[in-house]
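Residue strings, one per chain:
Number of protein chains: 2
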Amino acid sequence: LESTVLESKQTDPLSSWHDTPTKQAIISYVKEVTNTESAKFIPVSNRVATFDNDGNLWSEQPLYFQLFFAIDRIKAMANEHPEWKTKQPYKAVLEDDMKTLMSYGEHGILEIVMATHAGMTVEAFDAIVKNWLKTARHPRFNKPYNELVYQPMLELLDYLRANNFKTYIVSGGGIDFMRPWIEAVYGIPVDQVVGSSVKTEFVIEEDKPLIKRLPKIDFIDDKEGKPVGIQRFIGKKPVFASGNSDGDFAMLRYTDSNTYPSFQLYLHHTDAEREWAYDRDSHIGKLDKGLDYANANGWTVIDMKKDWKVIYPFQKE
Amino acid sequence: LESTVLESKQTDPLSSWHDTPTKQAIISYVKEVTNTESAKFIPVSNRVATFDNDGNLWSEQPLYFQLFFAIDRIKAMANEHPEWKTKQPYKAVLEDDMKTLMSYGEHGILEIVMATHAGMTVEAFDAIVKNWLKTARHPRFNKPYNELVYQPMLELLDYLRANNFKTYIVSGGGIDFMRPWIEAVYGIPVDQVVGSSVKTEFVIEEDKPLIKRLPKIDFIDDKEGKPVGIQRFIGKKPVFASGNSDGDFAMLRYTDSNTYPSFQLYLHHTDAEREWAYDRDSHIGKLDKGLDYANANGWTVIDMKKDWKVIYPFQKE
Ligand SMILES: [Ca+2]
Ligand SMILES: [Ca+2]
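Protein sequences, first through last, are from chains A and B. Here the first sequence is numbered in our numbering, starting from -6 and rising by one per residue. Here the second sequence is numbered in our numbering, starting from -6 and rising by one per residue.
By construction, these hints were calculated from the structure, which means they are not laboratory data. Where hints are given, some of them may not hold.
Since the list gives no way to pick one copy over another, a pair counts as held whenever it fits inside one copy or between any two copies.
[Stated by the list, open to error] In silico lysine-lysine, DSS-like type, Cα no more than 27 Å apart, as pairs:
(1) Lys299 <-> Lys84
(2) Lys298 <-> Lys209
(3) Lys201 <-> Lys33
(4) Lys192 <-> Lys205
(5) Lys192 <-> Lys80
(6) Lys136 <-> Lys309
(7) Lys216 <-> Lys192
(8) Lys229 <-> Lys159
(9) Lys80 <-> Lys16
(10) Lys205 <-> Lys309
Chain A on its own, in the form it takes in the complex:
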């Protein structure tokens, strides 16, 4: 019996986290709100936890991974589109000329995304994403993109679920780009993802019912869109929200207005050596207003360098 007690004491649910105030704040919150004796107790049905994905559960440098996917798809589809050799922004993608691609701004990115994310059935797109994850490798780490997920965050997801929180992804990324892999990687089922989407249509072709993806934005699940997406898909205000950029600021403020005790968690990328360091001046994952507000209002900020023992699962000993 004594050895069992000892063992359970040694089983740290957040073992990849250093024993810093960040970890202590998380554990103290969870212990408090799951304690039926506490005035801060939250009933299970209200334990809703929402997580941003890019730069929060997996990396997002040197480009959003979904943009790497779009670029790889343009190259894979180039044979069917000979006109792309001379047409921008496709030409820039085919020539690996990122500077020219970026000069086309959001409009150029949108064109690349629409050319690669629409025009097929939802099943076909699902298969394309799965195949890409099998074959593509990240330029810095030479690993499949879905291995570049944060080990400490996987533990946090597990820890919250072990305490009867329901974990959701709320991401600016494409909902159907995430669904093919998130259940295996994060333990989050496909109906607990809120994300950006293209319009789709239901058609019957040759007596076969199909859902086709159209090259038209349906919903952008970013900034003020995140609380809107949460309300539409989840229907409850979260008590726990986690993100890494100003794109999550609205979601964290929304969560902070919960009448139940709530927890706001920002991941600050401070580790250029093991991952990347960026915040106020970054084009990707800009964290500026949110960081000031977090510091002024007692939100919890993860300092990646100081708070995390390891970054990725493949680095675990």
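Since chain A is already given, all that's left is putting chain B with the ligands on it; use the hints.
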């Protein structure tokens, strides 16, 4: 031990259903697909069951209940809107002149719905719906509207869940009109509802984060919209789909294309005495093309009069 066996044999999960081919078809399907020894076995994660609401889980006559709600709201709000006394279609509503209201067609209905379903926060709308359910009474049965749910369908929902199906509502009705009451009545949580919606916006007013309902249609979850809504919200093709009108035809065909064995269930309103009888010529819940297709393709059709022992829970002995 013998008495326990006897007791469990007597506990019929579908006790409000007569022992007809309809009930037998449901039970035989569920037994087959949950049997690990069967070639028709469906893994738990793919046991997705979608249910239409109006006329399928609760009644929809003599008007959609949500339209009764809108009419009651117009009357409750009339003091703040003196102009409605002379402005159509409001005047018709205030004078209980349904004929004139209906003469304004869908456009008139939409105006009534937008005037009553938008312009407030999501929390305020939630409270309005809950209060209406407490006070409003159905004109024929003199019961709260959410007591006019079908006892046999409640048993079917329970039976499917007991067999590890995940049950969802997929309704043309408003998602935020259903959420305030469906968990208590159907046992379906608020994040397992797909429905029609108005656009919303996230704003911060006087330092308070709010989500406001706007008088603009966001999504109509009906007909071809149902498979689209299922794909967007649930992300998996159902194996079991249940509806009562041509508005569900696309959902049932979509489900019928599942590579797993699937079940399509239509509720045919055949009981003018205990509920209502209507199908091909009805403006509400028209069932025409779907009924022909069901009969020609071996889908299961509930004959309300012949298949159900009771209609509503309050009629149970
Ligand atoms: Ca992010
Ligand atoms: Ca219906």
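Hint check results:
1. Lys299 <-> Lys84: The answer is neither: 43 Å in one copy and 67 Å across copies each exceed 27 Å.
2. Lys298 <-> Lys209: neither (40 Å within a copy, 46 Å between copies)
3. Lys201 <-> Lys33: between (53 Å within a copy, 21 Å between copies)
4. Lys192 <-> Lys205: Both ways: Lys192 and Lys205 sit 9 Å apart in one copy and 23 Å across, limit 27 Å.
5. Lys192 <-> Lys80: within (25 Å within a copy, 37 Å between copies)
6. Lys136 <-> Lys309: within (15 Å within a copy, 62 Å between copies)
7. Lys216 <-> Lys192: Both: 20 Å inside a chain and 16 Å across chains, each within 27 Å.
8. Lys229 <-> Lys159: both (11 Å within a copy, 19 Å between copies)
9. Lys80 <-> Lys16: Intra 51 Å, inter 61 Å, cutoff 27 Å: neither.
10. Lys205 <-> Lys309: Neither, since 41 Å and 46 Å both go past 27 Å.
Figure legend: structure checked against the earlier numbered hints; hints not met, in rising order: 1, 2, 9, 10.
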